[in-house]
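Starting from the known structure of chain A, arrange chain B with the ligands on it as the hints suggest.
The primary structure of each chain is shown beneath.
Protein chains: 2
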Amino acid sequence: MNVLITGGAGFLGLQLARLLLKRGTLNLDGKAVTIDRLTLLDVVAPQIDDARVRAVTGDLSDPAVLAQAIDRDTGAIFHLAAVVSGQAEADFDLGMRVNLDASRALLETCRQLAHAPRVVFTSSVAVYGGKLPPVVQDDTALNPQSSYGVQKAIGELLLSDYSRRGFVDGRVLRLPTISVRPGKPNAAASSFASGIIREPLSGVAANCPVAPETPLWLLSPRGAIQALVNGIELDGARIGNRRVVNLPGLSVTAAQMVEALRRVAGDAVADRVTWEREERIEKIVGTWPAAWDVSRARELGFESDASFDDVIRAYAEDAAVKL
Amino acid sequence: MNVLITGGAGFLGLQLARLLLKRGTLNLDGKAVTIDRLTLLDVVAPQIDDARVRAVTGDLSDPAVLAQAIDRDTGAIFHLAAVVSGQAEADFDLGMRVNLDASRALLETCRQLAHAPRVVFTSSVAVYGGKLPPVVQDDTALNPQSSYGVQKAIGELLLSDYSRRGFVDGRVLRLPTISVRPGKPNAAASSFASGIIREPLSGVAANCPVAPETPLWLLSPRGAIQALVNGIELDGARIGNRRVVNLPGLSVTAAQMVEALRRVAGDAVADRVTWEREERIEKIVGTWPAAWDVSRARELGFESDASFDDVIRAYAEDAAVKL
Ligand SMILES: NC(=O)c1ccc[n+]([C@@H]2O[C@H](COP(=O)([O-])OP(=O)(O)OC[C@H]3O[C@@H](n4cnc5c(N)ncnc54)[C@H](O)[C@@H]3O)[C@@H](O)[C@H]2O)c1
Ligand SMILES: NC(=O)c1ccc[n+]([C@@H]2O[C@H](COP(=O)([O-])OP(=O)(O)OC[C@H]3O[C@@H](n4cnc5c(N)ncnc54)[C@H](O)[C@@H]3O)[C@@H](O)[C@H]2O)c1
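So the protein sequences, as listed, match chains A and B. My numbering numbers the first residue of the first sequence as 1 and each following residue consecutively. My numbering numbers the first residue of the second sequence as 1 and each following residue consecutively.
With the rest of the complex left out, here is chain A (with noise of 0.2 angstroms):
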């Protein structure tokens, strides 16, 4: 079987690739299937190196780039390539190109090809908003406060009705933000969810532009690669028409995050975080909810991880980072 991963040269898309080439194989239908060939297609040039891997670099709202990257043999797509939130706030354009054209170009390259692959969407709680219950369920109503959060509903709309019709066989999953992330602060609203452990970490300051007692909803990168192939995994039938889950992460707050950077790492680091606020983004990130009911997403295997500590060591390992 091949497989392919949209935005396979980014940070969950490379993870992603390793640890499938890692696994040589997915559970489906009960029966560990080979992967034979896995297709990343991104924008950049992937670093991964395995004759199993095959790069299509290009534009994914290029038609042609996308009929060279699916085909009959395709049995699975994790589609994750997007442009982040700030970037598709700041540039509408871009945005709708890539978020929601390119996302429904994809479907309909299944829908020619009608092989109906399993498909795996990576969604985002920027597509609740403004006044919402204390709890928020997997259909607790889409209210979308941003273009990002606008194109992420639109793209998960079009793919349950690309399920139901039997196109493609969907699955949605919601993303809590992902951090610890590796590497550079990028235009993401959350980008400072990861900056203000990541940076200290490296003996780097780093501004927290939200109020300390901001709810963040956080996965950590082992933990949404987890998901990601859990969902493909997962049984057509279990999910029925509900094609959209929100999956498990910590409800913790900016403070509460700082906090167990302490405990881990000790006052010198944590005391490298600053607390500037910033309007634009306590404008997005503020409508982002942080209770949770995840109790479908816990039935159909999905797992949050135990602990902010825990994932601040986890970072620690994967970066190298002496604690």
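I should point out that these hints are in silico values taken from the structure, not numbers from a laboratory. Please note: incorrect hints may appear among the correct ones.
Only pairs whose alpha carbons sit at most 35 angstroms apart, straight line, appear in this in silico DSBU-like list of lysine-lysine [claimed, not checked]: (1) 131/A <-> 283/B; (2) 22/B <-> 322/B; (3) 131/A <-> 131/B; (4) 31/A <-> 131/B; (5) 131/A <-> 31/B; (6) 184/A <-> 22/A; (7) 283/A <-> 131/B.
Coordinates of chain B with the ligands only, in the frame set by chain A:
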């Protein structure tokens, strides 16, 4: 000011056009603004004769047609053109092209002109489905079970985002099923909700394809037109960020509709209704909810019909049927 009605040769479009021409003005920001020109865009030519009317006959999904229909003086747009539910389910591509792509192209045209016109978009109760709360709220989760419902939900999301960004001043009105429509049965799954009144009144048998106890949520054509005008006249500040309003309707079962017909027009007429269930229709209509909290709509000045008996009488009057 110029006013545009897309789908201006359609059922609601034409009735709305007549009302607007009769009124001659729209009340915007406390001022009566004269309607200098009324543009009716539709694939078919509108049957209406008035010097203020300009017909643009063509496909809304053609950018050249849109460019002809909207200019900087177009201060109010009623976007009614759509492919109805049964047809959008039968012809997926057509529904996507008209209900999604053309709606987006219309919003995009406004964005390019940068004059932020008021836009009323008619959505539908078909955006709901699945397990619903006992009483549906404006912000009950969308869960469309048809491609039409998905396309309307996406239109709502786009209109909300285009409004939030200041590209248009949008208002989404979720119309109840309109009954009694004059004319012939159409491809909408709800076509029978007019047929079981209209056909018997003109001496013809009509089948009710759903169980007698099936609840419907109805608004008369007169009520709908009034709501569209109210929707465009509403002060944007009163809607705020909540651009979507469920319009008040009457909740009646199919059986109650025929009972009302019996009261208003007698046994001979009511006995022309047959009760053969059709699975295709039941599957769609069965997902539409029946109990609604429309307190916000009422606060905003929207009203329902007084009774279904009255609705039948008004239809008979408009259609010159003797009771
Ligand atoms: N990381 C998070 O906190 C988080 C949270 C919620 C949802 N998500 C979603 O998870 C997915 C993966 O996130 P990530 O953190 O790995 O993001 P990322 O930005 O690291 O990766 C996305 C990749 O998509 C690629 N890409 C962008 N536009 C493209 C195009 N037009 N054609 C081809 N490739 C294109 C980028 O080059 C990048 O490599 C995204 O869909 C994102 O919206 C992430
Ligand atoms: N009537 C109802 O029960 C009801 C209920 C809920 C929502 N709505 C919505 O209200 C609106 C008006 O409904 P209606 O009952 O008047 O429908 P209608 O079918 O009578 O009118 C729609 C008009 O749109 C036109 N149209 C379709 N595709 C077009 C295209 N590509 N370019 C230009 N014109 C095109 C058609 O020719 C038609 O005249 C629609 O958006 C509909 O979805 C209606």
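Taking the hints in turn, this is what the structure says about them:
no., hint, in the structure
1, 131/A <-> 283/B, "holds, 32 angstroms"
2, 22/B <-> 322/B, "holds, 26 angstroms"
3, 131/A <-> 131/B, "holds, 21 angstroms"
4, 31/A <-> 131/B, "holds, 33 angstroms"
5, 131/A <-> 31/B, "holds, 33 angstroms"
6, 184/A <-> 22/A, "holds, 26 angstroms"
7, 283/A <-> 131/B, "holds, 32 angstroms"
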